[in-house]
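Make one complex out of these two single chains by using the hints.
Given next are the chains, with one letter for each unit.
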Amino acid sequence: MCAWRRLHRNVRTLRGCFTHGSLNCTAVTQWQPDRCGGLTFCQKLSTGGALRNDFLNELKAQMAAMKKKAADGLPSSNWMPFEINPNLPPETADIVIVGGGVMGWSIAYWLKQKEKFSKKMRVLVVERDPTYSQASTVLSAGGIRQQFSLLENIHLSLESADFMRNINEHLSVVNEDPVDLQFNQSGYLFLASEEVAHIMEQNYNTQRCAGAKVSLFSPQQVKEKFPWINTEGVALASYGLENEGWFDPWSLLNAFRRKAMSMGVIQCFGEVADFRHVKQVLMTKNGEQIDMKTIKSVKVQMLNSLEYQPVECALVVNAAGAFSGKLAKMVGIGLGPKDSLAGFSVPVEPRKRYVYVVHCPDGPGLDSPFLIDYSGVYFRREGLGGNYICGVSPEEAEEPDTSNLEVDHQFFEDKVWPKLANRVPAFEKLKVTSAWAGFYDYNTFDQNGIIGIHPLINNMYFATGFSGHGLQQSPAVGRAVAELILDGEFKTLDLSGLSFRRILTQEPMLEQNIV
Amino acid sequence: MFVLHGLLLEVAVMSAPLISLHRCCQRAAVLLVARRHWGSSSASPPSLVSRSLDFLARRFYDVEALLNWKSRIGKDQLRKKNFYYGYTHKLYGPDIASAYYILNLGGGFRFVGQSEWFRADSRGKFNWDFLNYKDTPVEEVDMSHTIINYVGLSNLERQPLRTLKVQGCPEVDDWFLAGLHKFQDSLEELDISHCPRITVGGLAALRNLRLKHLNVSSLPRISSPGLVIILLEEMLPQCRITAHGYDLSQPQVGGEKPEERLEAEG
Chain H
30 MCAWRRLHRN
40 VRTLRGCFTH
50 GSLNCTAVTQ
60 WQPDRCGGLT
70 FCQKLSTGGA
80 LRNDFLNELK
90 AQMAAMKKKA
100 ADGLPSSNWM
110 PFEINPNLPP
120 ETADIVIVGG
130 GVMGWSIAYW
140 LKQKEKFSKK
150 MRVLVVERDP
160 TYSQASTVLS
170 AGGIRQQFSL
180 LENIHLSLES
190 ADFMRNINEH
200 LSVVNEDPVD
210 LQFNQSGYLF
220 LASEEVAHIM
230 EQNYNTQRCA
240 GAKVSLFSPQ
250 QVKEKFPWIN
260 TEGVALASYG
270 LENEGWFDPW
280 SLLNAFRRKA
290 MSMGVIQCFG
300 EVADFRHVKQ
310 VLMTKNGEQI
320 DMKTIKSVKV
330 QMLNSLEYQP
340 VECALVVNAA
350 GAFSGKLAKM
360 VGIGLGPKDS
370 LAGFSVPVEP
380 RKRYVYVVHC
390 PDGPGLDSPF
400 LIDYSGVYFR
410 REGLGGNYIC
420 GVSPEEAEEP
430 DTSNLEVDHQ
440 FFEDKVWPKL
450 ANRVPAFEKL
460 KVTSAWAGFY
470 DYNTFDQNGI
480 IGIHPLINNM
490 YFATGFSGHG
500 LQQSPAVGRA
510 VAELILDGEF
520 KTLDLSGLSF
530 RRILTQEPML
540 EQNIV
Chain B
236 MFVLHGLLLE
246 VAVMSAPLIS
256 LHRCCQRAAV
266 LLVARRHWGS
276 SSASPPSLVS
286 RSLDFLARRF
296 YDVEALLNWK
306 SRIGKDQLRK
316 KNFYYGYTHK
326 LYGPDIASAY
336 YILNLGGGFR
346 FVGQSEWFRA
356 DSRGKFNWDF
366 LNYKDTPVEE
376 VDMSHTIINY
386 VGLSNLERQP
396 LRTLKVQGCP
406 EVDDWFLAGL
416 HKFQDSLEEL
426 DISHCPRITV
436 GGLAALRNLR
446 LKHLNVSSLP
456 RISSPGLVII
466 LLEEMLPQCR
476 ITAHGYDLSQ
486 PQVGGEKPEE
496 RLEAEG
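Those protein sequences? They're chains H and B, same order as listed.
This note's numbering puts the first residue of the first sequence at 30, with every later residue one more than the last.
This note's numbering puts the first residue of the second sequence at 236, with every later residue one more than the last.
In case anyone wonders, no lab produced these hints; they're calculated from the structure.
Be a bit skeptical, because a hint or two may be false.
Claimed, not checked - Straight-line alpha carbon distances no greater than 27 Å define the calculated DSSO-like cross-link-like pairs of lysine-lysine that follow:
| hint | chain 1 | residue 1 | chain 2 | residue 2 |
| --- | --- | --- | --- | --- |
| 1 | B | K316 | H | K254 |
| 2 | B | K315 | H | K242 |
| 3 | H | K254 | H | K242 |
| 4 | H | K143 | B | K315 |
| 5 | B | K315 | H | K254 |
| 6 | H | K252 | B | K447 |
| 7 | H | K148 | B | K305 |
| 8 | B | K316 | B | K305 |
| 9 | B | K305 | H | K145 |
| 10 | H | K141 | B | K310 |
| 11 | H | K143 | B | K310 |
| 12 | H | K252 | B | K417 |
| 13 | H | K242 | B | K447 |
| 14 | H | K242 | B | K325 |
| 15 | H | K242 | B | K305 |
| 16 | H | K520 | B | K447 |
| 17 | H | K242 | B | K400 |
| 18 | B | K417 | H | K143 |
| 19 | B | K417 | B | K447 |
| 20 | H | K143 | B | K305 |
| 21 | H | K145 | B | K447 |
Just so it is clear, the structure is predicted and the values come from calculations on it, not from any experiment.
Here chain B stands alone, though its shape is the one from the complex (with noise of 0.2 Å):
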């Protein structure tokens, strides 16, 4: 009852209306972060309902001020859920601390030494068993599809992480990959595939990790994708890339035959 009690204040913290919106808000808050941001660099066009609500949005100063509100309440789950857990880490210790961050936003993990991993559901509840496993620190962790970011990454610092899948997440930047280099020592496998902000800026700051595995597939804003894998496999010799998803047919800029590299590569 007291071991909740911490974990509940801190859940308190963060806004009791928001936790049980958690359902409807997980996949929601996705697109709620990445509203309005449909310039230039969208990959489909704009729903009649955006495009609706954007036209009233000009001519109403009230649509305007509500879809504001809207962004806003988007933007201070993404920021609440991020922080870094100061409570939970003076409590139970920086690796129980991690764990919760991780099963919070949805993701996976994997303790040192253990087989089995611990998962949040797609409704966001989870097994509090991970408590049981103290001073553990976590290997592996998948946080695929959640709304990790810069911020949040001081979360996962004190562990020593082997592999980090961030499949699909529409938080993670260049500045992201460049925070990674405090794994740099443990850190042997990544997956950055589907990440609509990485561009390659940010691919550039991988050369400080001693990568085995990386999986850059479908990243929508590489603009010359085989020219940009050629570069990586020169840029880490150790590492076995997998790039999938991009259209290679059409003539790259200095790349001489990408698909068959790619497919000698695997």
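The following block holds chain H by itself, in its conformation from the complex (with noise of 0.2 Å):
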């Protein structure tokens, strides 16, 4: 009954509308009967189809309507008096994972694919910007390679170039596109003075026991190889062969994303506020107070508003990238003692790095690597129509302001262009099209990842502070923190060298290839 009143006050209203010649129409309108008696619009005018769709879809909208309202009467739905907000995280949850990077989802998914019976792990993923705009995963160049100095972070690279290779036995969900990373398999070139060079045959073996596909080249052989390359000053050059390359951060983000979520991992955006922890206080031999503490729960707040939610859980991991020295001090992390395990914080804060796009008509073609000089400066290419990105870390000293993602147009001028010219002449003549700045989560003491345990909290895990390559190492490592979570320890690769032990004994892993 409604129903129909209500089509008559559309009727009504449409009338009105034509006869206040909101319309500009030529022809009459006139309502003829039709055979059953009602009453039908025919018009002759060219905006018709319009009006008519226009009612028939209002018609078919308050249908749905009456139907969802009768719905909602029926003892199954989910209708509630009162409204909640649809976007808070559950209440309780086994494991919370801060941070919805790369690093963040990859661990989500890795719990899922290993836990032992489907559905009996509620996994939370809480990142606080859903647009990813000053995440380090989507700022980053994408590049992957193998040559590092230390064990630990070949195999990582190699394993994660091992997952990438296959990423759609791994990532593909039933009917939906297959993933892809657009991976350019041009490989590294990484150049070095008189210096370092011994440095690089040192690497240079380990890495070929390690199996990585990596050769070595003379100055005369890069010369031959790529003869755009001023190799004035070079003594020796490492080139990757295989699995070494850059591809695009935001697929294999999302590409985790939504294989987890199919698995049935809940997102939530909200920051992280404060946790709920409670404390056991324990005696050394040597009579030394330790403070133990279990995380009992999470609190969530959501974006730009008063309304949080504890959420109760089992364990936290802290893949929040940059900002993960903030979260640990939330839960009391180096406040302690300066001479006291308590004291020692979690090494890890934001560096910003400038990449800057540039345009260079007589670049060098489709088989230039991702060349980093030994001065720091790199570049690659971007794309084929003759685009490169181009960057370098700024010295201690010189490190720049935190605060903002700010782009310092002069660093460029100053501390990339002449040393990018010196080493590429095609490149004295180019064009600074666009920039971007990211943060590093940069790990102080040695710049290389913290995966483990915190010695002082039962149930928080770290899995950060890879100060610039951790979108390239996040599949094997995302996979290392699961084995650590369900089954205790490292099963495919012992990363127990990463672990929070050498902070604490302040026995650093330095790695000496770091971009």
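Structure (structure tokens):
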């Protein structure tokens, strides 16, 4: 009954539109009675089609609303008299992963992949920025290489490359498009001067023993293979033949996220404001007091709102990237007396790095690798139109301010362009088309990742501090953390060298090839 | 008799029913493996059968389970055919193992110093005469329209290949091209036309090889073929590049008169 009333009301309003001349019509509209006795709208207007559709669409919408109301009245509906924000996380979860970058989603995927009974574990990923505008993952240059000096790093990269080669076996979802990483198989070329050539040779031996396909070139061979390089000052070069190159980090992140969510991982956009923990005081042999903390719940604050939800959890994984140090301070890591275990803070802080997009019409072609000079300047090809991405890591003393992601263009003129033009003469004529800045989750201790449980907190796992090579190691690290959580120990790769222990005993595992 | 025993063991390991189904599966395997990837990347719309199967799979768990089982069998067959033939390698040496691998997948090859080609026929049967040529490496390989992939390339590792033809192989992708660096000293001719998975990123890997002839015709996933062909020619100056099957009449990004350059190259 009410539907018919609404129908008549619509008809009247439409007729009203016509008589008020809101439409530019030439023909007269007429209401013709049809065979069944109802009214039909016969019109000869060119805009009439849209109007009729409008009317029918509104009718359809109202019928759908009626059906929904009726369905809500049935016992099996979710209707509640008061409105609940649907974006709130659940009240309890088994594992809360703080940080929705590629590391967090990789851990979520592997946790679900390895769980023994499907859908028995509730994993929640909390990310504070739905647009990922400041996330290090999407602002990364996207390269993957095996040319590291530390054995663990080489193995992590190799395993990640294996994962990416078979990515559709791992991350394809039924009835969705296959994953396309847009992987460029171009390889990295590291150039070494006289002083560091012996280090490069040592690294080459380590890399070959670990199974990386790398080869050493003399300056003449470099000139032969890449005639556009100026080999002045180069004593030795190391080139990756396979499993090296660059890809699209956003595709990888979305692939992990899509697959993990299809397996039941819950995503929540909110900020972790606080942790509620219980403390247990232990005494060592020397009479020292140690506070062991166990996190009981995580307070997740909704974005731009005062609403929050305390999520009770069993484990927390800190994959917050550049902001992991800040997160750890919320639990009290680093706030104890300086000479005790509790005084050691998580040594991860954000460091801003600039990436400049330049256009050079006569630059190196399809064969240009990801070139890294011994001065630290790097560049790689981007697409097929003569665009390149370049940058350099600033000196320790000249680290830019990390309160924002503004780009300093003078830095390019002073620090990047001269060395780049020296190495590749074609780059003397180039134009900067665009630039962006991103944070490294810089490990100030030894620039390598921290993977493992914290000694003073029973249930917080860390997967952070990768200082610029987190994206390329994310699949393997995700698997390692999932093994640590579910099996209690590392099964495929032994990463105990990258645990917290080295920070507490102050024994750095330095990586010499950090770009 | 004993000579055949070892090879038959290898065959038995690969599961006998598959061999009997080899005839009907040889072409079907190509379709099974490439199943359900008809998102935005396919050239032709899916057939009525696949669409109706998909419709049913969305509504019935048993149909979904059957289809998953079918695709898993296809993947298993792919994996089994391409794994490293360690047993044959141990018994007969690397050359015979590579030769056996090539014939098993339905390809053809030519030994160094011989002029006749050994091939498997359309039903998968082949002549066992190749066993007589001990310690002769393989020089030219034609694996067109087979299911060779990156893992299978490890079976050809120690051969000084001069010619490799993988025309129309559905499993040859960019990682396969990067893996070809093992043959950088000897490979002179490469044919990767009609491979549906190769993109520009993989073509960049060809810079490690010293090719004299390269055929990159009709690669469906290359978006601006004229530009890519020009960049390839710049990258490999000593190489003759053949690239048919592209519609270059549309305006290309940055490519000037690509048709005329192609005609000059041949």
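Tested hints:
no.: 1; hint: B:K316 / H:K254; in the structure: violated (37 Å)
no.: 2; hint: B:K315 / H:K242; in the structure: holds (26 Å)
no.: 3; hint: H:K254 / H:K242; in the structure: holds (17 Å)
no.: 4; hint: H:K143 / B:K315; in the structure: holds (24 Å)
no.: 5; hint: B:K315 / H:K254; in the structure: violated (38 Å)
no.: 6; hint: H:K252 / B:K447; in the structure: holds (21 Å)
no.: 7; hint: H:K148 / B:K305; in the structure: holds (24 Å)
no.: 8; hint: B:K316 / B:K305; in the structure: holds (17 Å)
no.: 9; hint: B:K305 / H:K145; in the structure: holds (24 Å)
no.: 10; hint: H:K141 / B:K310; in the structure: holds (22 Å)
no.: 11; hint: H:K143 / B:K310; in the structure: holds (21 Å)
no.: 12; hint: H:K252 / B:K417; in the structure: holds (22 Å)
no.: 13; hint: H:K242 / B:K447; in the structure: holds (24 Å)
no.: 14; hint: H:K242 / B:K325; in the structure: holds (25 Å)
no.: 15; hint: H:K242 / B:K305; in the structure: violated (36 Å)
no.: 16; hint: H:K520 / B:K447; in the structure: violated (46 Å)
no.: 17; hint: H:K242 / B:K400; in the structure: holds (24 Å)
no.: 18; hint: B:K417 / H:K143; in the structure: violated (35 Å)
no.: 19; hint: B:K417 / B:K447; in the structure: holds (17 Å)
no.: 20; hint: H:K143 / B:K305; in the structure: holds (24 Å)
no.: 21; hint: H:K145 / B:K447; in the structure: violated (53 Å)
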